[in-house]
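K.L.:
Protein chains in written order, with the working numbering: chain A, 123 to 242; chain B, 123 to 242; chain C, 123 to 242.
Keep in mind the hints are simulated off the structure, nothing from the lab.
Possibly wrong hints are sitting among the right ones.
Derived lysine to any residue pairs resembling SDA-like cross-links, with alpha carbons at most 20 Å apart [what the hints assert, rightly or not]:
| no. | chain 1 | residue 1 | chain 2 | residue 2 |
| --- | --- | --- | --- | --- |
| 1 | B | K129 | A | R184 |
| 2 | B | K129 | A | T215 |
| 3 | C | K129 | B | E208 |
| 4 | A | K129 | A | V173 |
| 5 | C | K129 | B | A185 |
| 6 | A | K129 | A | D174 |
| 7 | C | K129 | B | G214 |
| 8 | B | K129 | A | G214 |
| 9 | A | K129 | C | R184 |
| 10 | B | K129 | A | P213 |
| 11 | A | K129 | C | T215 |
| 12 | C | K129 | B | P213 |
| 13 | C | K129 | B | R184 |
| 14 | A | K129 | C | E208 |
| 15 | C | K129 | B | T215 |
| 16 | A | K129 | C | A185 |
| 17 | B | K129 | A | A185 |
| 18 | A | K129 | A | A242 |
| 19 | B | K129 | A | A212 |
| 20 | A | K129 | C | G214 |
| 21 | C | K129 | C | D143 |
| 22 | B | K129 | A | E208 |
| 23 | A | K129 | A | R140 |
| 24 | B | K129 | B | A242 |
| 25 | C | K129 | B | A212 |
| 26 | A | K129 | C | A212 |
| 27 | A | K129 | C | P213 |
| 28 | C | K129 | C | R172 |
Some chain A residues near chain C, calculated using beta-carbon distances under 10 Å [claimed, not checked]:
| no. | residue |
| --- | --- |
| 29 | T131 |
| 30 | S136 |
| 31 | I138 |
| 32 | Q150 |
Even for Gly, the Cβ is constructed at its ideal location relative to N, Cα and C.
Spelled out, the chains give:
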Amino acid sequence: MSDIERKHTNARMSKIVRHGDLVYLCGQTASGGTNASADITAQTQETLARVDALLTEAGSDRARILSATLYLRDINDFAAMNAVWESWIAPGTAPARTTVEARLASESLLFEVTVIAALA
Amino acid sequence: MSDIERKHTNARMSKIVRHGDLVYLCGQTASGGTNASADITAQTQETLARVDALLTEAGSDRARILSATLYLRDINDFAAMNAVWESWIAPGTAPARTTVEARLASESLLFEVTVIAALA
Amino acid sequence: MSDIERKHTNARMSKIVRHGDLVYLCGQTASGGTNASADITAQTQETLARVDALLTEAGSDRARILSATLYLRDINDFAAMNAVWESWIAPGTAPARTTVEARLASESLLFEVTVIAALA
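So that you can see chain A by itself, here it is in the shape it has in the complex (with noise of 0.2 Å):
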């Protein structure tokens, strides 16, 4: 039995990747399909939530993320990314966290964001 745990696991990547007392996700984003005309308000709602998901399914969640970086399709969108990530963060549990700017991999996505958490 492998000390490395991974789940939802295609041809390219997996979504969690447990090892250790750390969990790590795959790049989360809203999705291209069914949210591609959405503003970076609704984007980083829906990436919020799926990293919510995927850490719950991990065995952590939103505050025990240690690490988190951020990707801004343009910078401009940071404040309005901001409003939602703050508000989806609990007092006193805030990663350390980096936002850049980047080009993501379809031109619709406006957000997309890279965390490491500490299992419970």
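Once you have looked at the hints, place chains B and C on chain A.
P.N.:
Okay, now just chains B and C, sitting in the frame of chain A:
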């Protein structure tokens, strides 16, 4: 008592997150307020001084950085940033490092670095 | 004796950093010198071969990668890069992965990858 220790935590992020034997710092930059017109040399110096201060507070130091991700507003600043970086790193202690170009949160920022370090 | 083991360390970075049960590699690319005109397929192949060599030297392997961050000089190379990536990953072992566009240290570089892997 939590197994995760956060310092300098606001609604958005923590500057320091300790868990296990690692510390995660939020992305460090020069101060947009006081150093907005500083060149890449001055911004790199100021940024690395901030990393030093946070690592010391966290119970680590620059010789214990495991991984560093460096973002340059303009990749043409690579050599000038490296000159400061290399004088900052003690011989034999350089971390695994990745450097890419990315626009940062404020237009005046030229350099940002995210580090993971081992606690002493 | 340090709890941190570094290999291929120069003034700027270490290609391999081992700590605890993890290994951190510096960002891997094709060789700017010998492969400057290579296309995305060749550069991805060369880069992943370098990752293999470093992971083997570190006491890990590609099936033990936990997290991978991929940078493409041009996000339009996404499909061509993925074709190489997916043939490289053994079934059931794909890491958590994030892919974004970013300019890299040399203008000729089209692909860079940073990995964290579990030691065997």
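K.L.:
Next step is simple, just say for each hint if it's right about the structure.
P.N.:
Evaluation of the provided hints:
no. : hint            : result
1   : B:K129 / A:R184 : 17 Å, holds
2   : B:K129 / A:T215 : 10 Å, holds
3   : C:K129 / B:E208 : 17 Å, holds
4   : A:K129 / A:V173 : 14 Å, holds
5   : C:K129 / B:A185 : 14 Å, holds
6   : A:K129 / A:D174 : 15 Å, holds
7   : C:K129 / B:G214 : 9 Å, holds
8   : B:K129 / A:G214 : 9 Å, holds
9   : A:K129 / C:R184 : 17 Å, holds
10  : B:K129 / A:P213 : 13 Å, holds
11  : A:K129 / C:T215 : 10 Å, holds
12  : C:K129 / B:P213 : 13 Å, holds
13  : C:K129 / B:R184 : 17 Å, holds
14  : A:K129 / C:E208 : 17 Å, holds
15  : C:K129 / B:T215 : 10 Å, holds
16  : A:K129 / C:A185 : 14 Å, holds
17  : B:K129 / A:A185 : 14 Å, holds
18  : A:K129 / A:A242 : 17 Å, holds
19  : B:K129 / A:A212 : 15 Å, holds
20  : A:K129 / C:G214 : 9 Å, holds
21  : C:K129 / C:D143 : 16 Å, holds
22  : B:K129 / A:E208 : 17 Å, holds
23  : A:K129 / A:R140 : 9 Å, holds
24  : B:K129 / B:A242 : 17 Å, holds
25  : C:K129 / B:A212 : 15 Å, holds
26  : A:K129 / C:A212 : 15 Å, holds
27  : A:K129 / C:P213 : 13 Å, holds
28  : C:K129 / C:R172 : 14 Å, holds
29  : T131            : 5 Å, holds
30  : S136            : 5 Å, holds
31  : I138            : 7 Å, holds
32  : Q150            : 9 Å, holds
The structure is consistent with each of the numbered hints, conforming to all of them.
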